[in-house]
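Take these sequences, add in the hints, and give me the full structure.
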Amino acid sequence: MGTVVVDVMPKQEILDPQGQAVVGALRRLGQSRFSDVRQGKRFTLQVEGEVTEEVLAAAREAAETLLSNPVIEDVVSVRELVEGEVASS
Amino acid sequence: MSGPTAYQVDHVERAAQTPDTTQPWAELGLKEDEYARIREILGRRPTSAELAMYSVMWSEHCSYKSSKVHLRQFGEKTTAAMREHLLVGIGENAGVVDIGHGWAVTFKIESHNHPSYIEPYQGAATGVGGIVRDIMSMGARPLAVMDPLRFGALDHPDTARVLPGVVAGVGGYGNCLGLPNIGGEIAFDPCYQGNPLVNALCVGAMRVEDIHLASASGTGNLVVLFGAKTGGDGIGGVSVLASETFDSTGPTKRPAVQVGDPFAEKVLIECCLDLYAAGVVAGIQDLGGAGLSCATSELASNGDGGMRVHLDRVPLRDSSLSPEEILMSESQERMMAIVEPARLEEFMAVARRWDVEATVLGEVTDGSHLEIFWGEELIVDVPPRSVAHDGPVYHRPLGRPAYLDALQADTTAGLPRPATEGLGRTLLDVLASPNVCDPAWVTRQYDRYVRGNTAQAMPDDAGVVRVDEETGQGVAVATDCNGRFAQLDPYAGAQLALAEAYRNVAVSGARPLAVSDCLNFGSPEDPGVMWQFAEAVTGLADGCAQLGVPVTGGNVSFYNQTGDTPIHPTPVVAVLGAMDDVSRRNRSGWQDEGLTLLLLGTTADELDGSVWAQVAHGHLGGRPPRVDLAAEQRLATVMVEATARGLVAAAHDLSEGGLAVALAEGVLRHDVGATVSLAGLRSRDGVDSFTALFSESGARALVAVPDPDVAAFEALCEEHSQPVLRLGTTDGTSMHVEDTFELGASTLREAHTGVIEAALARDVTPRHAATGRATGEGRRASGS
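As you go down the protein sequences, you meet chains A and B in turn. Residue 1 is where the first sequence starts when you use the working numbering, and the numbers rise one by one after that. Residue 1 is where the second sequence starts when you use the working numbering, and the numbers rise one by one after that.
Quick caveat, the hints were computed from the structure, so don't treat them as lab data. Bear in mind that the values here come from a model prediction, so they are computed numbers and not experimental data. Only true hints are included.
Among the chain B residues that face chain A by a calculated CB cut under 7 Å, a handful are:
{"#": "1", "residue": "G232"}
{"#": "2", "residue": "V257"}
{"#": "3", "residue": "D318"}
A virtual CB, placed ideally from N, CA and C, is assigned to each residue, including glycine.
In structure tokens:
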């Protein structure tokens with residue numbers, strides 16, 4: 001069984017209110033070394049069998065059409081889960 | 001924070017030395033003669049920053065260049081008597097109306113159509129955010145919002161993408177702000193398929209002495225930018241300039257959409273109100289379309305001197321932004337204030353308390369120019385009026401569309417009408433149609449009662465909010481437009497929109513006082529559309545003059561088309577009314593049995609453009625119902641007085657679907673039935689049962705009056721020559737039209753509810769399936 005990881009981030013120029021809230025909270029907690037925070041989202045897609053090029057291509061299509069909103073978000077990576085990495089809890 | 005960076009900035013001196021530099025004025029949407037005029041005003045070529053400012057401020061959206069010559073009528077046809085309650089009229093961020101007892105109310109409606117098609121959630125959300133800032137900038141606390149929405153066919157797959165996103169965006173932003181959404185409209189028509197209309201209204205209140213204006217006066221006063229940082233939002237168009245001035249080191253494509261942060265706006269509201277209370281604001285302007293270009297040039301041109309601004313002081317979210325981009329950025333949740341130097345420390349203390357970033361950008365000067373610096377370089381040096389107010393004025397060609405004669409000749413007279421035994425079925429079909437069905441799927445997503453001052457919201461005729469918590473004094477607002485009527489006759493259609501909103505406010509018991517309008521039309525370059533626009537504006541201005549309610553502001557949205565086909569002319573009219581005690585407002589449905597049901601107004605055979613014609617025959621043609629503003633005024637007078645005297649138990653205006661729908665909605669509101677007879681109506685008005693039930697004649701209302709008050713109510717009608725007829729009584733749990741049909745409330749409800757959710761459940765498409773198509777059309781960001 002293989003797993004594909006898709007990472008989606010808000011476009012660089014777009015306001016990220018969640019990230020702003022987090023950076024504000026960090027400052028209030030005394031963590032002032034972090035000057036900015038941007039918050040994205042990660043999807044893990046499981047497949048029966050190996051993660052082939054074909055599977056990755058299908059995952060890229062899913063990422064562009066459903067998992068991200070191309071108007072305000074970028075798909076920053078679509079890749080196979082590496083061994084030892086945790087897919088989900 | 002970024003200082004001036006190394007790349008070559010185009011400054012005034014350089015512009016003077018290099019007159020022959022080729023500039024991308026056409027890519028920025030300027031016409032050749034407009035560019036020539038800018039050169040003439042400046043006596044040299046503009047710098048790229050100046051070009052950016054002029055291009056955005058002279059766009060259709062900001063300059064009203066196609067509509068100005070027509071909109072003048074609103075001012076010209078406003079009489080001194082109409083100005084009696086007007087504290088601030090057209091031209092400021094929003095109009096302000098005196099509602100008595102020291103209270104001033106401000107309201108305005110605007111469009112956010114095109115962004116909402118590209119990105120439904122954020123487009124609709126930032127539409128709410130923008131109109132709320134307009135209201136804040138007048139010195140008011142925002143009280144409530146409303147959203148008239150129009151989409152393509154309910155069963156079209158793309159509607160399943162746009163509708164839920166828009167509704168969630170309106171709800172998401174408004175709910176997070178803690179503002180009740182007290183009404184609006186939802187309508188479906190294929191003409192809006194590729195171009196939904198997302199209009200947003202906000203109403204706010206303040207004490208009369210707290211009104212603030214957008215002007216920068218007093219030499220030495222400081223220009224303070226406060227709120228969110230500036231990022232690359234909504235500046236897709238200027239990237240041509242950015243790539244000119246620095247060699248594509250920054251992001252090449254800026255997004256055309258903005259993302260808002262309602263929590264930042266909520267903080268900004270409270271911060272502004274504290275600043276007003278501290279008396280430290282000499283002038284204020286919100287940042288909306290055209291961002292800093294608009295705020296600086298408008299503040300300066302409304303003031304008595306010039307202004308100097310240091311653009312490199314603007315706090316940035318993205319340090320790669322060029323000066324041109326900073327000037328055009330439409331980042332949300334920002335405001336600009338003019339502050340006396342002696343009050344700056346107090347200003348900053350308030351801002352700090354709310355954790356709002358505030359930066360002094362410059363000062364008011366005794367000169368006459370707006371000067372903007374980037375580091376040491378002077379990059380903008382312009383007469384501010386030439387940017388903000390003296391833009392181009394077009395007298396666009398207009399012509400009555402050739403198709404109109406045939407459309408008006410194609411009346412409903414030849415369409416088969418149901419026999420008496422089919423009228424019940426017809427009613428159920430009409431109740432289940434997208435434009436009449438229960439909009440609860442939409443309105444349930446909005447917080448309607450937060451802040452505890454909402455006296456009435458959807459599904460009642462008008463939204464009513466309390467302004468004074470001690471006395472119960474408040475306002476009622478309704479928005480209306482039937483685009484089908486406006487397509488048949490834009491002059492009459494605009495007046496019918498006005499009449500319906502006016503009637504809704506009056507029927508809920510408030511005195512109509514003022515109008516705001518959101519004029520949604522196709523391309524002004526199409527003479528047929530321009531003719532529709534001119535007709536609608538004239539109709540509205542004439543109608544307002546006759547009703548004695550002034551237009552206080554609003555906006556124009558052109559370039560609304562699906563492919564090459566313009567939308568129906570959609571002049572959405574918002575009417576604001578005042579009432580001394582909101583607890584007296586009239587609900588649209590009756591709660592008790594044994595009330596007498598009275599019909600006010602007369603009914604004629606007016607079914608062209610009606611919901612029945614649409615539902616039964618898919619037909620649009622003929623002439624809209626006759627406009628009778630004197631009758632509307634009479635009806636309003638009677639309703640306001642009867643409400644004040646406590647004679648009314650419930651009242652509902654008659655509009656789409658006529659008497660049949662009004663009765664059904666009255667029954668459904670509280671599950672109390674009605675038994676009525678059409679015999680009196682048939683003989684008095686000379687109509688058949690079908691016409692009596694489904695005609696959409698104007699100036700009518702259904703009123704439920706307690707038995708002991710019927711004589712007094714009828715006497716009041718007689719005093720004002722208001723036609724009134726006893727229809728029947730409230731009883732049981734069904735809608736019973738004698739000798740015609742009887743339908744139980746549960747049967748009515750089954751038809752009326754669940755229509756929108758059922759349609760949306762049918763189709764699951766990715767949220768942004770149409771994105772590529774939408775942006776690929778080269779839609780004008782300025783046309784919203």
